[in-house]
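Enquirer: Given next are the chains, with one letter for each unit.
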Amino acid sequence: MTATPRLPVTLSVNGETRTLTLDPRVTLLDALREHLLLTGTKKGCDQGQCGACTVLVNGRRINSCLSLAVMHEGDEISTIEGLGTPEALHPMQAAFIEHDGFQCGYCTPGQILSSLSVIEEIRAGVPSHVTGDLEAPIPLSDAEIRERMSGNLCRCAAYPNIMAAIRDYLGEGA
Amino acid sequence: MIGQGISRTDGPIKVTGRAAYSAERQDAGPTLHGYILGAGIGRGRVARIDIAAAEAAPGVRLVWTHENAPEQGPAEGIEGDMMDRTRPELASDRINYYGMPIAFVVAESFEEARAAAGLIAVEYELEPGAFTLSGFGPDLNWRRPSQAGDIDQAMREGPVTLEETYSTPYHFSQPMELHACIADWRDGHLHLYLTAQMVNQLTTGLGKTLRLDPGAISIDSAYVGGGFGSKIVLHCEAVLASLATMALGQPVKLMLTRRQIFTLVGHRPASISRVRLAATPDGRLTALGHDALIQVRTDDAWDEGVSSVGKALYASPNRLTRQAHQALDVQPGEPVRGPGELPGLMVLESAMDELAEKLGMDPIELRLRNDTQIDPDKRLPLSGRRLADCLREGAEQFGWRDRPTRPASRRDGRWLVGYGVASSMRGHYQTSAEVLVRIEPDGFVIVRSDMTDIGTGTYTIVAQVVAEALGVPMSQIKVELAHTKHPKGNGAGGSWGAANTTVAADRAAAELRARIAVVAGTGYNDIFAEVRRHFPDGIEEIGKTLDNKDDPNYRTHAQYTYGASFAEVGVDIDTGEVRLRRMLGVFAAGRILNAKTARSQLIGGMIWGVSAALQEAGVLDPRHGHWVNGDFAEYLIPTHADIPAIDAIMLEDFDDKANHLGVKGIGELGAGGTGGSVANAVYNATGVRVRDFPITLAKLLPGLP
Ligand code: FES
Ligand code: FES
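So the sequence lines, in the order shown, correspond to chains A and B.
Here our numbering is used: the first residue of the first sequence is 1, the next is one more, and so on.
Here our numbering is used: the first residue of the second sequence is 1, the next is one more, and so on.
I should point out that these hints are in silico values taken from the structure, not numbers from a laboratory.
Yeah, the Cβ is synthetic: ideal placement off N, Cα and C, and Gly gets one too.
Check the hints yourself; a few may be wrong.
[As the list claims (entries may be wrong)] Restraint-style ranges between C-beta atoms, simulated for each label pair:
id, chain 1, residue 1, chain 2, residue 2, range
1, A, His-35, B, Asp-550, 50 to 60 angstroms
2, A, Arg-25, B, Pro-622, 45 to 55 angstroms
3, B, Glu-634, A, Thr-10, 32 to 42 angstroms
4, B, Glu-67, A, Pro-24, 51 to 61 angstroms
5, B, Ser-134, A, Pro-24, 23 to 33 angstroms
6, A, Pro-24, B, Asp-27, 45 to 55 angstroms
[Unchecked claim] Not close to chain B: a few residues of chain A, all C-beta gaps over 12 angstroms, as computed:
id, residue
7, Thr-10
8, Arg-18
9, Thr-41
10, Asp-46
11, Gly-74
12, Leu-140
13, Gly-151
14, Ala-157
15, Leu-170
[What the hints assert, rightly or not] Selected chain A positions facing chain B (Cβ under 10 angstroms, derived; list incomplete):
id, residue
16, Glu-34
17, Gly-44
18, Asp-142
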């Protein structure tokens, strides 16, 4: 039996430098969950269909199950663990609690990271399927937000409450 | 305290990613990883299986097939409680359904296990299988009949009659957390970190399968990422991970893939219904018939009670509801949210809408006219029967009077707009449960129960009830759930968990108050000071609920929860695309324990109804018996973009026939008839009646005006 070949990779995870030696088949998702024990990033399908594994890579959201960890040499990875703590919640996390934007909580880290990215994407003028005028500034409308959040499935179907949480967060003038 | 919309106590750890779900538990330390190879045919046997290459692959610790897997308790017949049955895996060369495990690999890493599974060479001996629900045949063996009068004669006499056939597809629960287990065999004891809706119930079947005393099995399901019925019975991940840790002496983690969950966890069976209704010209039902043909397996009989909803929803002097089975070669069926009533109400409430149209009547009026205070099936008074209140209140709040009275009569730009209504109803059950409440002298109350919180808010509502009962702040209550070491209840399932657990907890708290009163009177200010003084080691009591059949309350009344849902849809005039525009549900479900979490759960259920009407359908390949659309890309469930703002109103209610707290359940109720209201709205918008669910554009397009 030959040993599985492994490759070194250095990532910055929530601002901390982490060096791992990994089987090149390990996804970014499993590197976080199984090797760094950062299990806040969830595995809901492992095939890019649910958004539970959403993380930020160099500031942009991706499905971490669709990306191999060794491709991320030097990248900055932000996960839910870096956003806020139970004692010092990020305002979006507080809004999710206030509006009951989850039931089982399994899709929730992905929903929260996506919601923050969605707001930035709209503000940056990145168009979506529902964007009308591509020249004009894009409104932070319910339709725009819902469209861009649609990669994050919630089987508990907390969708109306998630929208209420995002609205409330925006109302706080974030 | 009880009823207040208090935010979930587990919220902070869930929104920060700190709550550890089964596969995320670190209690057992580093684990080995398992991977299942499923059968690539729908029926037949494994003729030859070669595992040599897999065994020689890097990191592999074990490869099992039916030829070398450990001996297990044999499969048991379908009689008896489905919770107690064995579930032997890799027990023979037989393949009973597509995806059934034929090999299991354990390796040092997930990647190694998965790759090794791909090296296993299999030759099959294919047998023809039955994969198509064909419709009512001539030799039907009717089950669960509930009958009154003579429905055939009533149908002949009419004068207004309706007889139609409807079909509902396979549904899958598919909670977001994958089915997973970490098994750790340590010092003769098996520790499982399992995603499960009930824990103590699983040890009997698992013990018999593993040939282990159930007392040597612990199951911990502290956080569960959704269940919807799919985490009730024992599944292969618990069995295979347990066998492997017992063989290897190291902890083993096994997470099913999303695709595997479509084959290794049960589905809601497909059904075909024949509904017969007759009424007088003023809308009094004279006949109500619902025959349902349900898919089953020959060696398993999960009997989705599609026809049962017709037993007690409306009064009719002539009534017949019954079910027949057709066995197909797919995996065993299992509970999926709203078992029986989700498909059953969608069908029956569509038929009622059709009848209302034939009568030229407001569909709400037709339902009100056939309301009943006596359960037509059990012939007992119905407690808390407030269907009419739900319908009236909803009509008012939704603006029902503005509905388009003629189908296909309202346009809004490119959208045809329609309104629909449907009733909901769900049986209320009480089962035996015990909960321990303990007051510690150090100023904390501990509540222990094996009940789970699968997103249902159990941690929160139990704390609310005990806080109110003992007069202490919620912050001083620690709720410990979902472990086999805690007092046994009946878990989360069947919408009974909240009532069982809170009623038992309240009774324990009442016992504690009584014991404290004996020594301290009732005029004390600080319960903890009295406990310190009189019970320096702390004081605890166990409260109980009885099974319905042993509780006198349940002999005098029939118990259900009620609701009405109202939907407005738009249908694109050219493409037939259906969009939900708004929706309201009004519910009477006893006393509500937490206005916030209950509303969320009801809305979630309603969205399941929307999904059943418009999207969800498992497609079984009629030639090979595999699930054609077995993943989240193709088994469509609602996304953010599909769902507008939805509201759920809970009527002020208290059902003293259910229990002293007046509480019933809400887990299934939201889903109830919601699908029917959407279907009826689509008809109202388009004039096209689709009786084969879900209502997709292809079925609407040919009939669009
Ligand atoms: S786990 Fe990555 S998208 Fe589902
Ligand atoms: S909260 Fe359960 S899946 Fe979203």
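Enquirer: Each hint: holds or not?
Expert: The hints, checked one at a time:
Between A/His-35 and B/Asp-550, the C-beta spacing of about 52 angstroms keeps the proposed range 50 to 60 angstroms intact. At about 36 angstroms, the beta-carbon gap between A/Arg-25 and B/Pro-622 misses the expected band of 45 to 55 angstroms. The supplied range of 32 to 42 angstroms is met by B/Glu-634 and A/Thr-10, whose beta-carbon atoms lie about 38 angstroms from each other. Checked against the given bound of 51 to 61 angstroms, the beta carbons of B/Glu-67 and A/Pro-24, roughly 33 angstroms apart, lie outside it.
Here the CB-CB span from B/Ser-134 to A/Pro-24 is close to 50 angstroms, at odds with the stated 23 to 33 angstroms. Between A/Pro-24 and B/Asp-27 the beta carbon distance is about 30 angstroms. The supplied range of 45 to 55 angstroms is therefore violated. Every CB of chain B is more than 12 angstroms from the CB of A/Thr-10 (nearest about 20 angstroms), matching its label as outside the interface. Here A/Arg-18 stays apart from chain B, with its beta-carbon at least about 17 angstroms from theirs, past the 12 angstroms limit.
Its beta-carbon lying about 7 angstroms from the closest one in chain B, A/Thr-41 breaks the requirement of being farther than 12 angstroms from that chain. For A/Asp-46, the shortest C-beta to C-beta distance to chain B comes to about 6 angstroms, within the 12 angstroms cut-off, and the non-interface label is violated. With a cut of 12 angstroms on Cβ distances, A/Gly-74 stays outside the contact zone with chain B, its closest approach being about 23 angstroms. The non-interface label for A/Leu-140 is consistent with chain B: the shortest C-beta to C-beta separation is roughly 14 angstroms, beyond 12 angstroms.
A cut-off of 12 angstroms between C-beta atoms contradicts the statement that A/Gly-151 is not in contact with chain B; the least separation is 8 angstroms. With a cut of 12 angstroms on Cβ distances, A/Ala-157 falls inside the contact zone with chain B, its closest approach being about 4 angstroms. No beta-carbon of chain B is positioned within 12 angstroms of the beta-carbon of A/Leu-170; the least distance is around 15 angstroms. Interface hint at A/Glu-34: satisfied, since its Cβ lies 7 angstroms from the closest Cβ of chain B, which is below the 10 angstroms cut-off.
At its closest, the beta carbon of A/Gly-44 sits 5 angstroms from a beta carbon of chain B; the interface hint therefore holds under the 10 angstroms criterion. Checking A/Asp-142 against chain B: minimum C-beta separation of about 8 angstroms stays under 10 angstroms; hint holds.
Violated hints for the displayed structure, listed by number in ascending order: 2, 4, 5, 6, 9, 10, 13 and 14.
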